[in-house]
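Since the structure of chain A is provided, determine the placement of chain B with the ligands on it from the hints.
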Amino acid sequence: MARQKLKAIVINRDWCKGCGICVHLCPKKVLELDAKDKAVAVRPEDCICCRMCELRCPDLTIEIQIEEGDNE
Amino acid sequence: MPVKDYLRERFFPHMWCPGCGHGTILNALIHAVEGLRLNKNEIVMVSGIGCSARISGYVDFHSLHTIHGRALAFATGVKLSKPNLKVIVPMGDGDALAIGGNHFIHAARRNIDITAIVMNNRIYGMTGGQFSPLSGPGVKATTAPYTTIDSSFDVVQLAKAAGASFVARSTAFHVKEATEMLTKAITHKGFSVVEILSQCPTHFGRKNKEGDAVNMLNLYKDNTAKLGSKALEEKPHLIPRGIFVDSERPEYCEEYDKIIAAAMKEKAS
Ligand SMILES: Cc1ncc(C[n+]2csc(CCOP(=O)(O)OP(=O)(O)O)c2C)c(N)n1
Ligand code: SF4
Ligand code: SF4
Ligand code: SF4
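Just so you know, the protein sequences line up as chains A and B, in that order.
Mapped onto the working numbering, the consecutive letters of the first sequence carry residue numbers 41 to 112.
Mapped onto the working numbering, the consecutive letters of the second sequence carry residue numbers 533 to 801.
Pulled out of the complex, with its shape left as it was, chain A reads as follows (with noise of 0.2 Å):
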């Protein structure tokens, strides 16, 4: 499978709790909770496009968006 390239990491910051799993089960180390206990992505070019993140979050906050048409 080509390897797929990151267009953005969406937050919703009104929904997210803080709760943590999406910055501790990321395999790449890409997000941390910041001063207000929101999920943001400190090291997008990490990211692998897993979207284990977006599919573990209990609270539906996080979107991969992925450039489309630039697979190799």
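Rather than coming from a laboratory, the hints here were simulated on the basis of the structure.
Even glycine gets a Cβ: it sits at the ideal position worked out from N, Cα and C.
Treat the hints with care, since some could be wrong.
[Stated by the list, open to error] Derived coverage of chain A by chain B (criterion: at least 3 residues anywhere in the stretch with Cβ under 8 Å from a Cβ of chain B; other residues may be distant): (1) 60–72; (2) 95–101.
[As the list claims (entries may be wrong)] Simulated restraints, written as ranges between beta carbons of each label pair: (3) B/I681 / A/R43: 49 to 55 Å; (4) B/H638 / A/E72: 45 to 51 Å; (5) A/A48 / B/T659: 39 to 45 Å; (6) B/N747 / A/Q105: 29 to 35 Å; (7) B/K790 / A/V50: 46 to 52 Å; (8) A/C90 / B/R540: 14 to 20 Å; (9) A/V50 / B/R540: 17 to 23 Å.
Quick look at chain B with the ligands alone, frame taken from chain A:
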């Protein structure tokens, strides 16, 4: 259709506690429905009472939020009157197997085409942490300060013995697997049961010193193993995950239609 279009966004953020596994089950279910490209007008969600049951408020399907333990009875009525609709019934462990245990086994026995999801957090979340028939022995709960002595039901074995024609188990850690199982369960013709282990950090986690939601999810990873895996063979005490039953059996609404047809024929002659 984007995932968000299946949600009633006006009710978000939802009422579940931070890190509650029930939210992840909603997430998996929405992804399953989206993957199947189902029209939301073709889906009915029926739920009872409990933190789990609140799920029916968040989906933009037809929905009925009914009474504790009786969701499957309401769902049976809906399905018999509108057999073309997909009927999905998410339930808590108390809802499904304490007060609702009888409805559960009889829906399985009839093999009515309904998808039942047991959101198993092994405790009564909504009412403050009483133990349930799925807690198992050695668990602390508000009603068992010195730990429980009751054995638990094995949902998979119970559903299988009662006649469910699709039976699967996953956890809120294994979301991709859970989504696949939900997809198959919704497509399956007959009574489908998907048990999904779901963390309640607020009551079960706190009382049983299982730590926060992340820690509880890691326990699901460590304490379960895939059916047929080497890990399960070597450590049979692990909780098996996978599809346990996927079979064909006469479906209740279709059998009922045959009775109607036979009666009409006799009347006409
Ligand atoms: C007939 C009836 N009996 C008891 C209750 C009180 N009650 C509300 S929710 C609940 C149990 C909730 O536990 P569970 O079904 O496991 O769902 P959870 O909240 O853990 O998701 C009980 C006993 C009720 N609402 N109606
Ligand atoms: S998993 Fe969701 S709710 Fe939890 S911290 Fe991450 S974005 Fe926020
Ligand atoms: S998609 Fe995967 S790698 Fe990227 S942030 Fe989410 S969990 Fe991390
Ligand atoms: S009490 Fe438990 S089951 Fe209910 S919302 Fe909170 S974490 Fe979830």
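Hint check:
1. 60–72: holds (count 4)
2. 95–101: Per the Cβ count (6), the hint holds.
3. B/I681 / A/R43: 49 to 55 Å: Since B/I681 and A/R43 have Cβ atoms about 53 Å apart, the given range 49 to 55 Å holds.
4. B/H638 / A/E72: 45 to 51 Å: Distance hint for B/H638, A/E72 holds at roughly 50 Å.
5. A/A48 / B/T659: 39 to 45 Å: For A/A48 and B/T659 the Cβ distance comes to about 41 Å; the hint holds.
6. B/N747 / A/Q105: 29 to 35 Å: holds (30 Å)
7. B/K790 / A/V50: 46 to 52 Å: The hint (46 to 52 Å, Cβ to Cβ) holds, given that B/K790 and A/V50 are roughly 51 Å apart.
8. A/C90 / B/R540: 14 to 20 Å: Distance hint for A/C90, B/R540 is violated at roughly 28 Å.
9. A/V50 / B/R540: 17 to 23 Å: holds (20 Å)
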